[in-house]
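Participant: Residue numbers (the working numbering), protein chains in the order written: chain A, 1 to 115; chain B, 1001 to 1115.
Simulated from the structure, these hints should not be mistaken for laboratory data.
Any given hint could be a false lead.
Derived DSSO-like pairs (lysine-lysine); straight-line CA-CA distance at most 27 Å [said to hold, decoys possible]:
{"id": "1", "chain 1": "B", "residue 1": "Lys1107", "chain 2": "A", "residue 2": "Lys11"}
{"id": "2", "chain 1": "A", "residue 1": "Lys57", "chain 2": "A", "residue 2": "Lys11"}
{"id": "3", "chain 1": "B", "residue 1": "Lys1001", "chain 2": "B", "residue 2": "Lys1114"}
{"id": "4", "chain 1": "B", "residue 1": "Lys1017", "chain 2": "B", "residue 2": "Lys1114"}
{"id": "5", "chain 1": "B", "residue 1": "Lys1107", "chain 2": "B", "residue 2": "Lys1057"}
{"id": "6", "chain 1": "B", "residue 1": "Lys1110", "chain 2": "A", "residue 2": "Lys11"}
{"id": "7", "chain 1": "B", "residue 1": "Lys1110", "chain 2": "B", "residue 2": "Lys1071"}
{"id": "8", "chain 1": "B", "residue 1": "Lys1017", "chain 2": "B", "residue 2": "Lys1110"}
{"id": "9", "chain 1": "B", "residue 1": "Lys1114", "chain 2": "A", "residue 2": "Lys57"}
{"id": "10", "chain 1": "A", "residue 1": "Lys57", "chain 2": "B", "residue 2": "Lys1057"}
{"id": "11", "chain 1": "B", "residue 1": "Lys1071", "chain 2": "B", "residue 2": "Lys1114"}
{"id": "12", "chain 1": "B", "residue 1": "Lys1017", "chain 2": "B", "residue 2": "Lys1107"}
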Amino acid sequence: DAEITQSPRHKITETGRQVTLACHQTWNHNNMFWYRQDLGHGLRLIHYSYGVHDTNKGEVSDGYSVSRSNTEDLPLTLESAASSQTSVYFCASSETRQGPLLEAFFGQGTRLTVV
Amino acid sequence: KNQVEQSPQSLIILEGKNCTLQCNYTVSPFSNLRWYKQDTGRGPVSLTIMTFSENTKSNGRYTATLDADTKQSSLHITASQLSDSASYICVVSANYGGSQGNLIFGKGTKLSVKP
């Protein structure tokens, strides 16, 4: 079955370190997204991509970057981790840019703690 | 500002009882509204997606309604089960020129079903 997987599931890192969270999907979806989820907030969009070599900033992109070198993967990099980036991160993918009824599939999440 | 508000914030019900969760939104232009179920420690999973012209949609014991005039939606759960314990997230998609717009997430309603 097609799926979307994130790794690692849990990570603890130190302030100032560079961290990369992996997201891999086998749906062959063009669209991929990274969100963060914090208490008291809905999921907030960090970055998204509509296809290979395409990346776009979301609502809370400062301090994060992504790259899309193939269809399956959209790694999220924290350039210099800060305590404010302690959160649960979700990756999602969906089929195509056009159309109102796009089903978005979410990964199981990565819990990141910055100490 | 595009917003999605959900109520109540949390809800406790007894197994077998029905419940209704509410979602109000101020998103324009409106494309579609989704309800997601998020189990603890997991990513959100889609329950229903409704466009402007649909006012009710069912998925098993879950029935979503949409009133596009008042910009309100509800999710009704019938004959609740312990496995229904989760957060339920209302998500509204804005339609920007026909392409997939941002998904605007509510903060969710945390439902606990007790035996």
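Participant: Confirm or reject each hint.
Facilitator: Verification of the supplied hints:
no.	hint	verdict
1	B:Lys1107 to A:Lys11	holds, 24 Å
2	A:Lys57 to A:Lys11	holds, 24 Å
3	B:Lys1001 to B:Lys1114	violated, 37 Å
4	B:Lys1017 to B:Lys1114	holds, 10 Å
5	B:Lys1107 to B:Lys1057	holds, 22 Å
6	B:Lys1110 to A:Lys11	holds, 26 Å
7	B:Lys1110 to B:Lys1071	holds, 22 Å
8	B:Lys1017 to B:Lys1110	holds, 16 Å
9	B:Lys1114 to A:Lys57	violated, 42 Å
10	A:Lys57 to B:Lys1057	violated, 33 Å
11	B:Lys1071 to B:Lys1114	violated, 31 Å
12	B:Lys1017 to B:Lys1107	holds, 24 Å
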